[in-house]
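Number of protein chains: 2
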Amino acid sequence: MTTSAAQRRERARAEYNAFLAVCPSHQLLARVSDKWVTLILSALGSGGDCAGEPGAMRYSELSRLLAGVSQKMLTQTLRSLERDGLVTRTVTPTVPVTVTYALTDLGLSLQHTMRALKSWAETNMDDVFDNRATYDERVG
Amino acid sequence: MTTSAAQRRERARAEYNAFLAVCPSHQLLARVSDKWVTLILSALGSGGDCAGEPGAMRYSELSRLLAGVSQKMLTQTLRSLERDGLVTRTVTPTVPVTVTYALTDLGLSLQHTMRALKSWAETNMDDVFDNRATYDERVG
Numbered sequence: 012m013t014t015s016a017a018q019r020r021e022r023a024r025a026e027y028n029a030f031l032a033v034c035p036s037h038q039l040l041a042r043v044s045d046k047w048v049t050l051i052l053s054a055l056g057s058g059g060d061c062a063g064e065p066g067a068m069r070y071s072e073l074s075r076l077l078a079g080v081s082q083k084m085l086t087q088t089l090r091s092l093e094r095d096g097l098v099t100r101t102v103t104p105t106v107p108v109t110v111t112y113a114l115t116d117l118g119l120s121l122q123h124t125m126r127a128l129k130s131w132a133e134t135n136m137d138d139v140f141d142n143r144a145t146y147d148e149r150v151g
Numbered sequence: 012m013t014t015s016a017a018q019r020r021e022r023a024r025a026e027y028n029a030f031l032a033v034c035p036s037h038q039l040l041a042r043v044s045d046k047w048v049t050l051i052l053s054a055l056g057s058g059g060d061c062a063g064e065p066g067a068m069r070y071s072e073l074s075r076l077l078a079g080v081s082q083k084m085l086t087q088t089l090r091s092l093e094r095d096g097l098v099t100r101t102v103t104p105t106v107p108v109t110v111t112y113a114l115t116d117l118g119l120s121l122q123h124t125m126r127a128l129k130s131w132a133e134t135n136m137d138d139v140f141d142n143r144a145t146y147d148e149r150v151g
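Line by line, the protein sequences give chains A and B.
Using our numbering, the letters of the first sequence map in sequence onto residues 12 to 151.
Using our numbering, the letters of the second sequence map in sequence onto residues 12 to 151.
Hints may contain errors.
[To be verified] Simulated restraints on C-beta separations: (1) V110(A) / R143(B): 33 to 43 Å; (2) V106(B) / R143(A): 27 to 37 Å; (3) V108(B) / T99(A): 52 to 62 Å; (4) G56(B) / V108(A): 24 to 34 Å; (5) V108(B) / D147(A): 19 to 29 Å; (6) G151(A) / D141(B): 23 to 33 Å; (7) G151(A) / A144(B): 33 to 43 Å; (8) P104(A) / S81(B): 42 to 52 Å; (9) R149(A) / G79(B): 24 to 34 Å.
Everything labelled a hint here was simulated from the structure, so no lab data went into it.
Where a beta carbon is used, it is the ideal one built from N, C-alpha and C, also for glycine.
Taking the hints into account, I'd like the entire structure generated from these sequences.
What follows is the structure in structure tokens.
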């Protein structure tokens, strides 16, 4: 008897519990609960086509869009996303070589959530400023 | 002329850009892109009533549910969530005192996203394991 992808997913959800620090899904949650992961997954797919892949972006484009990210941090985060299977890395033998990143289906399955997180921060910034001022006044 | 909450939100979304490290919303995104924030916001509202507030949880309950969190980390994260206006902290003068936390409307507006993130990690853990094995074999 074969199990469908949906059945497998249902079982996985039942078996893993990210509340528990010893559960591997806790470590996976820790890895994706990261501002650079949120921003990279939000960015990919937002641009135009690159190397024929819809939503793919060059390393240099990502680096420009995520103003403030260090080369080391961007490279490390992209490598970990590639290893986990959320992005693909394509090297085109131009001079100099072109390196592009695109979302896999798994990466795509997280993109909506990541964009919601980014959008939430932008939308509610003013409310949070107000709340902080009120708190600081109350606590003294 | 008064501006509605919706208009204010729309303007805020237009003014802030979390891609930019210098934008305050980037720091807010960094703060909520945190595994303990994800787990606390996922947890609150999942339990029963506490002190008459639906979904409120005692500090001790949260501490038990988030197995592995240090007291210092839990206290710091809750204080920052309270200051930002995502949770309320209620002290009831029992012996010993009971401290309960509940989501505000702002916290509630992020809860769905946080639960989606936690659920994503639990649902896709097996796929990520497979992807890592494939990557490690390929890269060697």
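**Message:** Given the hint of 52 to 62 Å, is the C-beta distance from V108(B) to T99(A) inside that range or not?
**Reply:** holds, 54 Å
Q) Is the distance from the Cβ of R149(A) to the Cβ of G79(B) consistent with 24 to 34 Å? A) holds, 32 Å
Taking the Cβ atom of V108(B) and the Cβ atom of D147(A), is their distance within the range 19 to 29 Å?
holds, 24 Å
Review point. Should the hint that G56(B) and V108(A) are 24 to 34 Å apart at their CB atoms be regarded as holding?
Key: Roughly 49 Å apart at Cβ, these two residues miss the hinted range, so it is violated.
Review point. Honestly, do G151(A) and D141(B) meet the 23 to 33 Å range at C-beta?
Key: violated, 53 Å
Exercise for review: Determine whether the Cβ-Cβ distance between G151(A) and A144(B) falls within the hinted range of 33 to 43 Å.
Suggested key: violated, 54 Å
Taking the beta carbons of V106(B) and R143(A), is their distance inside 27 to 37 Å?
Since the Cβ atoms of V106(B) and R143(A) sit about 33 Å apart, the hinted range of 27 to 37 Å holds.
Can you let me know if the beta-carbon spacing of V110(A) and R143(B) is within 33 to 43 Å? Violated, since V110(A) and R143(B) (Cβ atoms, about 21 Å apart) do not stay within the stated range.
message: Taking 42 to 52 Å as the stated bounds, is the beta-carbon spacing between P104(A) and S81(B) within them?
response: With a Cβ separation near 50 Å, P104(A) and S81(B) satisfy 42 to 52 Å, so the hint holds.
Consistency note: the structure conflicts with the earlier hints numbered 1, 4, 6, 7.
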